[in-house]
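Student: Sequence:
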Amino acid sequence: MFKKLYIRALCLSLMLIVALTAGAQRPQVTDRLNRSGQVTVDAPKELAKRNNADIGKQQSSGSKDKKLKEKDKKKADPKSEEEKLNELDDEDTNAKKEEDKKKDEEKKKKDELTPKKPKRTHTSQQTIESRGVGYRIQAYSDNNYKTAKAAAQKRARDIAMKFPQYRSYISYKAPAWRLRIGDFKTQREAQAALHRIKSVYPKFAREMVIVRDRINVWSND
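In case it helps, the working numbering puts the sequence shown at residues -9 to 211.
Please keep in mind that the hints were generated in silico from the structure rather than gathered at the bench.
Any given hint could be a false lead.
[Claimed, not checked] With a Cα cut of at most 25 Å, we get these calculated DSS-like pairs of lysine-lysine: (1) Lys193 <-> Lys139; (2) Lys87 <-> Lys97; (3) Lys144 <-> Lys188; (4) Lys86 <-> Lys98; (5) Lys87 <-> Lys98.
[What the hints assert, rightly or not] DEER-style ranges, computed between Cβ atoms: (6) Glu81 <-> His185: 50 to 58 Å; (7) Asn134 <-> Gln181: 26 to 34 Å; (8) Glu119 <-> Lys97: 18 to 26 Å; (9) Ala140 <-> Arg186: 21 to 29 Å; (10) Thr137 <-> Asp90: 56 to 64 Å; (11) Lys152 <-> Lys97: 21 to 29 Å; (12) Glu88 <-> Ser209: 45 to 53 Å.
Backbone N, C-alpha and C fix where the C-beta goes; we use that ideal spot for every residue, glycine too.
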């Protein structure tokens, strides 16, 4: 009796071992229901294809999400293309300003090194100390009573703009209006002034002559 029970237990153990071994060696399968309600088995190859398809869908979805994020990032970027171009234009403008500034500084230094001739200008504080015989430059003379006075005044203004150190005298002596320039004590001074005025106003050169006249001697001359 005991021997029979031992043999039966041994047989059951062997059967259990065989069943477990067969289950371990069997390929993995999955059960799923088809439309008819029957159970079908998916082989490992089909599972692998399905898994690959699912991975492809996930990758495609991920790439789309990535593109959308990049697009949103571009929209959220505060610096647009136009602003970047404006920044480049600002850099060019600043560089040009720096270059112009350097040129101005160089010109200023050059002007400082260039000696300038001092100009004698007359002021209202100057007074006539005396009158004497000297020389003046007759710059205009005309007997047209309609236009002569205005023409003499205009020419006096033109010469005063370039040569404020010389005084202008407009007078009328029948039948002509005339303009005379300066109070020169010597003919040499008058000649030098005449040469300078002619070089600036060559169109007046033919009318300009040195004349002997009574001149004013000023307090600071």
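Student: So, for every hint listed, does it hold in this structure?
Tutor: Right, here's what the structure says about each hint:
1. Lys193 <-> Lys139: 19 Å, holds
2. Lys87 <-> Lys97: 15 Å, holds
3. Lys144 <-> Lys188: 17 Å, holds
4. Lys86 <-> Lys98: Within the cut-off at roughly 18 Å; holds.
5. Lys87 <-> Lys98: Distance of about 16 Å is within 25 Å: holds.
6. Glu81 <-> His185: 50 to 58 Å: 53 Å, holds
7. Asn134 <-> Gln181: 26 to 34 Å: 29 Å, holds
8. Glu119 <-> Lys97: 18 to 26 Å: 42 Å, violated
9. Ala140 <-> Arg186: 21 to 29 Å: 25 Å, holds
10. Thr137 <-> Asp90: 56 to 64 Å: 47 Å, violated
11. Lys152 <-> Lys97: 21 to 29 Å: About 22 Å separates the Cβ atoms of Lys152 and Lys97, which means 21 to 29 Å holds.
12. Glu88 <-> Ser209: 45 to 53 Å: For Glu88 and Ser209 the Cβ distance comes to about 51 Å; the hint holds.
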